[in-house]
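Protein chains: 2
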Amino acid sequence: MAEGTNSSSEHVDPQAAPIGGPDDSFHVFDTTLRDGAQREGINLSVADKLTIARLLDEYGVGFIEGGWPGANPRDTEFFSRAARELDLRHAQLVAFGSTRRAGTTAAEDPQVAGLVESGAPVVTLVAKSHDRHVELALRTTLEENLAMVRDTVAHLRGLGRRVFVDCEHFFDGYRANRDYALSVVRAASEAGADVVVLCDTNGGMLPAQVAEIVADVRETTGARLGIHAQDDTGCAIANTLAAVQAGATHVQCTANGYGERVGNANLFPVVAALELKLDRPVLPAGNLRESTRVSHAIAEVVNLAPSTHQPYVGVSAFAHKGGLHASAIKVDPDLYQHIDPELVGNSMRMLVSDMAGRASVELKGKELGYDLSGDRELVGRIVARVKEREKTGYTYEAADASFELLLRDEVRGRRERYFTLESWRAITEHREGEGGPVEVNEATIKLWAKGERIVATGEGNGPVHALDQALRIGLERIYPQLAQLQLTDYKVRILENRRGTESVTRVLVETSDGNGEWNTVGVGSNVIAASWAALEDAYTYGFLRAGVPMPDAS
Amino acid sequence: MAEGTNSSSEHVDPQAAPIGGPDDSFHVFDTTLRDGAQREGINLSVADKLTIARLLDEYGVGFIEGGWPGANPRDTEFFSRAARELDLRHAQLVAFGSTRRAGTTAAEDPQVAGLVESGAPVVTLVAKSHDRHVELALRTTLEENLAMVRDTVAHLRGLGRRVFVDCEHFFDGYRANRDYALSVVRAASEAGADVVVLCDTNGGMLPAQVAEIVADVRETTGARLGIHAQDDTGCAIANTLAAVQAGATHVQCTANGYGERVGNANLFPVVAALELKLDRPVLPAGNLRESTRVSHAIAEVVNLAPSTHQPYVGVSAFAHKGGLHASAIKVDPDLYQHIDPELVGNSMRMLVSDMAGRASVELKGKELGYDLSGDRELVGRIVARVKEREKTGYTYEAADASFELLLRDEVRGRRERYFTLESWRAITEHREGEGGPVEVNEATIKLWAKGERIVATGEGNGPVHALDQALRIGLERIYPQLAQLQLTDYKVRILENRRGTESVTRVLVETSDGNGEWNTVGVGSNVIAASWAALEDAYTYGFLRAGVPMPDAS
Numbered sequence: 001m002a003e004g005t006n007s008s009s010e011h012v013d014p015q016a017a018p019i020g021g022p023d024d025s026f027h028v029f030d031t032t033l034r035d036g037a038q039r040e041g042i043n044l045s046v047a048d049k050l051t052i053a054r055l056l057d058e059y060g061v062g063f064i065e066g067g068w069p070g071a072n073p074r075d076t077e078f079f080s081r082a083a084r085e086l087d088l089r090h091a092q093l094v095a096f097g098s099t100r101r102a103g104t105t106a107a108e109d110p111q112v113a114g115l116v117e118s119g120a121p122v123v124t125l126v127a128k129s130h131d132r133h134v135e136l137a138l139r140t141t142l143e144e145n146l147a148m149v150r151d152t153v154a155h156l157r158g159l160g161r162r163v164f165v166d167c168e169h170f171f172d173g174y175r176a177n178r179d180y181a182l183s184v185v186r187a188a189s190e191a192g193a194d195v196v197v198l199c200d201t202n203g204g205m206l207p208a209q210v211a212e213i214v215a216d217v218r219e220t221t222g223a224r225l226g227i228h229a230q231d232d233t234g235c236a237i238a239n240t241l242a243a244v245q246a247g248a249t250h251v252q253c254t255a256n257g258y259g260e261r262v263g264n265a266n267l268f269p270v271v272a273a274l275e276l277k278l279d280r281p282v283l284p285a286g287n288l289r290e291s292t293r294v295s296h297a298i299a300e301v302v303n304l305a306p307s308t309h310q311p312y313v314g315v316s317a318f319a320h321k322g323g324l325h326a327s328a329i330k331v332d333p334d335l336y337q338h339i340d341p342e343l344v345g346n347s348m349r350m351l352v353s354d355m356a357g358r359a360s361v362e363l364k365g366k367e368l369g370y371d372l373s374g375d376r377e378l379v380g381r382i383v384a385r386v387k388e389r390e391k392t393g394y395t396y397e398a399a400d401a402s403f404e405l406l407l408r409d410e411v412r413g414r415r416e417r418y419f420t421l422e423s424w425r426a427i428t429e430h431r432e433g434e435g436g437p438v439e440v441n442e443a444t445i446k447l448w449a450k451g452e453r454i455v456a457t458g459e460g461n462g463p464v465h466a467l468d469q470a471l472r473i474g475l476e477r478i479y480p481q482l483a484q485l486q487l488t489d490y491k492v493r494i495l496e497n498r499r500g501t502e503s504v505t506r507v508l509v510e511t512s513d514g515n516g517e518w519n520t521v522g523v524g525s526n527v528i529a530a531s532w533a534a535l536e537d538a539y540t541y542g543f544l545r546a547g548v549p550m551p552d553a554s
Numbered sequence: 001m002a003e004g005t006n007s008s009s010e011h012v013d014p015q016a017a018p019i020g021g022p023d024d025s026f027h028v029f030d031t032t033l034r035d036g037a038q039r040e041g042i043n044l045s046v047a048d049k050l051t052i053a054r055l056l057d058e059y060g061v062g063f064i065e066g067g068w069p070g071a072n073p074r075d076t077e078f079f080s081r082a083a084r085e086l087d088l089r090h091a092q093l094v095a096f097g098s099t100r101r102a103g104t105t106a107a108e109d110p111q112v113a114g115l116v117e118s119g120a121p122v123v124t125l126v127a128k129s130h131d132r133h134v135e136l137a138l139r140t141t142l143e144e145n146l147a148m149v150r151d152t153v154a155h156l157r158g159l160g161r162r163v164f165v166d167c168e169h170f171f172d173g174y175r176a177n178r179d180y181a182l183s184v185v186r187a188a189s190e191a192g193a194d195v196v197v198l199c200d201t202n203g204g205m206l207p208a209q210v211a212e213i214v215a216d217v218r219e220t221t222g223a224r225l226g227i228h229a230q231d232d233t234g235c236a237i238a239n240t241l242a243a244v245q246a247g248a249t250h251v252q253c254t255a256n257g258y259g260e261r262v263g264n265a266n267l268f269p270v271v272a273a274l275e276l277k278l279d280r281p282v283l284p285a286g287n288l289r290e291s292t293r294v295s296h297a298i299a300e301v302v303n304l305a306p307s308t309h310q311p312y313v314g315v316s317a318f319a320h321k322g323g324l325h326a327s328a329i330k331v332d333p334d335l336y337q338h339i340d341p342e343l344v345g346n347s348m349r350m351l352v353s354d355m356a357g358r359a360s361v362e363l364k365g366k367e368l369g370y371d372l373s374g375d376r377e378l379v380g381r382i383v384a385r386v387k388e389r390e391k392t393g394y395t396y397e398a399a400d401a402s403f404e405l406l407l408r409d410e411v412r413g414r415r416e417r418y419f420t421l422e423s424w425r426a427i428t429e430h431r432e433g434e435g436g437p438v439e440v441n442e443a444t445i446k447l448w449a450k451g452e453r454i455v456a457t458g459e460g461n462g463p464v465h466a467l468d469q470a471l472r473i474g475l476e477r478i479y480p481q482l483a484q485l486q487l488t489d490y491k492v493r494i495l496e497n498r499r500g501t502e503s504v505t506r507v508l509v510e511t512s513d514g515n516g517e518w519n520t521v522g523v524g525s526n527v528i529a530a531s532w533a534a535l536e537d538a539y540t541y542g543f544l545r546a547g548v549p550m551p552d553a554s
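Protein chains in written order, with our numbering: chain S, 1 to 554; chain L, 1 to 554.
Chain S on its own, in the form it takes in the complex (with noise of 0.2 Å):
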């Protein structure tokens, strides 16, 4: 992600404290990388790791927990990597861990060492609090517990880190016994603990218990506290700024909500009503904007759909339908709308108007360096083809270049490339054998450029791999500039998918030129079909971009 488009970049000084947050008087805390990675579905690679922890970072979250170090060696390496290649200008990166075993001490503890292994300057521990879960779960005492916790607290304070403990169960372990919870809290405080988090780990509260506990946990040991709310109630956004509201200063989230079971408490929404409806500014300024692109850029990396409907963020949150609404916010936006959508990034759709259309492509237009304001009938054009492309199953949001590429076709009322195809074949071929199974992957394209006939044949690790290759093969003596052309992402998605494998499928490709990068489209029955829409179009642009001129029609 270039740094030009973080629009914060202009307003601040990464060495300083950043004007309007985060300082240390409030932690906006997120766990998508550890808690978040629970969720039913989401399987992150330590890429993917690297990938969210950096648009975080640029969110500008002050606390991003990496996942449980030594616990499982996908999350030891990502620490190890992120202390190589993660260069962080809002947050701190944060280490899970638990306190110490029973009968041991924390130095002797290989997973206390684990944590103080991986670099993280911050370390996360959980505790119990719960009476109940100490004898069931644990199967220690009472008082054993509190000494894991001071001595793990201690030990790692010892060592330089900053400790925040997040005590597991809090809530019902405070109403079976308040007395025990609350001196897992003093024990934390006392042993060094910067922040004490209250996780309502079932998630079975309501905002009002919620505040009254943390009020009371407040008064009683004075402890500095946060709030880890999960969502089994649908309550953890609500639950998470109730505890703000009772003194609490320290919110535990997760981007898009993803957690176990229901969820935890959404970072979008939670920072959003921090910032706009509590007066409380927890983001670099202007960052706030940046809250629907980071949501469904994460949501990209962990290849879950969007949620339309999430709050503030949805690609349905300002979508109004109801012909009562819509006359009404022909007189006043605000009259339907609880903030003015683009404070999170995000925009109005009026449902069912062709108007939206012309606008957003003569926008979308002017982005590009087109001016399409003067030609009405050109734009109706735009618009026209855009839909009937989208009716097949094509979408331009996450396809800048192949948006251009049609633009530039209607511009100039007629279709450029610097190939024409006559055919493609893919073939894959798979044979078990005495030494396991052997595959073969191969293509054949033949294509004109310039005037000449081109027959190639690649060879890859996958039918598409295979094509690419033929192309290049075939290609590159022409065009040398393909040399320079990388594709970096490849994404497929079947659409209409209650009908198997006879999907229509869409396949989304991001292509490097090693100066940046663009994103094309392509949709076919197949995905290699599509897939070769999409290369085409990759390739296209990247000619372009690099000035190669277009050949005569050939």
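Quick caveat, the hints were computed from the structure, so don't treat them as lab data.
Possibly wrong hints are sitting among the right ones.
[What the hints assert, rightly or not] Chain S residues, not near chain L, derived (Cβ > 12 Å throughout):
no., residue
1, THR221
2, GLY286
3, ARG412
[Said to hold, decoys possible] Here are some chain S residues pointing at chain L (derived, C-beta under 7 Å):
no., residue
4, GLY41
5, ASN202
6, LEU206
7, ILE237
8, ALA238
9, LEU241
10, GLN245
11, HIS338
12, HIS430
13, GLY433
14, GLY436
15, VAL492
16, VAL523
17, SER525
In this text, a Cβ means the ideal position worked out from N, Cα and C, and glycines have one as well.
Fit chain L to the given chain S structure using the hints.
Chain L in isolation, oriented as in the chain S frame:
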């Protein structure tokens, strides 16, 4: 829906006031058919509306708002068919409409006449309570607006209708001009409205504000109050419950939270919280257990996939993934569940992932009917095998059937399959022609089944479809059960997708035999190889389900 499936039918005499509600002291008011239908993507036919009304009535809500008779022909038709066709046991039907127009009488207003003609015993009137909206949107005086409320309520009461008044934008109105907002509540109540509903129309409120304002209105006016919350801050459920705790005794909700923009307060979590958290029975005894079924059935009718992460009723609401949790759950399921899922008709699920270990494999085995608890060595082998496969890109969380096959192989100590692959080949060919492009997809499989060597070729609209066809053509004679199996969903995910087309591919396939569905997973260096692996598991599992005997090793 058979009456026998409704567990309440054993307990409840429909003539008597049912034990536990709904009596008139608390109203569960559903507006799925009116406000819920404003959700982007929902378009209900009259038949859909009747089906949803029956489901809501079975569930036991007290009021079903059916639409705005007179405002559109579909709603008018709904009320006339409802009068003839619906035999409601618990609910009363409600017509929604507006106060009379300015400068006329209620008796002369055709819109008001439409409400009367609908025959609904209850009418909800929407009224403006925000001074600015009266002026901007209604373009009348504040005094005339009060007269419109009074006249319309009195007119409908005079005709024997029960009347509720929805005060639109109440909370914003209260904050802008408290006195005027309160005067609207008084006008409605004094004219005979049974309930005055405070609406957070743009959804911008937070629970603490709602609680404060509801308590003030209650105290100042003495009117019976209701709450209607939109979810724009993600707090609609919490706002609804906060209003109840502050004295509201009427909650307006929609099934699955459907509604304009982000949506409305979700009926199921609101009802569950009222019954299970706030000790307020609002449904006929036993009906809460129908929550999951009714939620999913309504999602089917409106043709939206049920939200997997809905509180209480989502398929993931009680799904456990983390190893930490899984081992604790073995000790006591209550540790990580805020309620017993059976109370809302849901169930606990264990997910198999690399964060989990022995405990979750044991629990998952038990769920699938294999008691593994006695055999530590076997469990260890299964865990090792899962981890090894997960390293190559497999995930079993969403592929129970593939996991069961893996489990079965380990339990039996050998891999048993219905057929043995020799080879497959898939060819996709694309040719630009005079009459548009021509595409051919062809696949050939060679395999052994019941001692016979089979060679078959299939065609399809993509290489995977062609492969599936070849398999069917080759195997259907030997395994006629194959004809029953249908691929119903197909998902592709590219893993480690920063390497362009050289990535690893994971495919998830859902298959159905008409009685049930199962999911399988395949991983490969390309989409065809991955699809083959998932298909092989899908059919093997389907044959096992159908009781097809496993042939001797071939």
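| In rising order, the numbers of the hints this structure does not comply with | 13, 14 and 16
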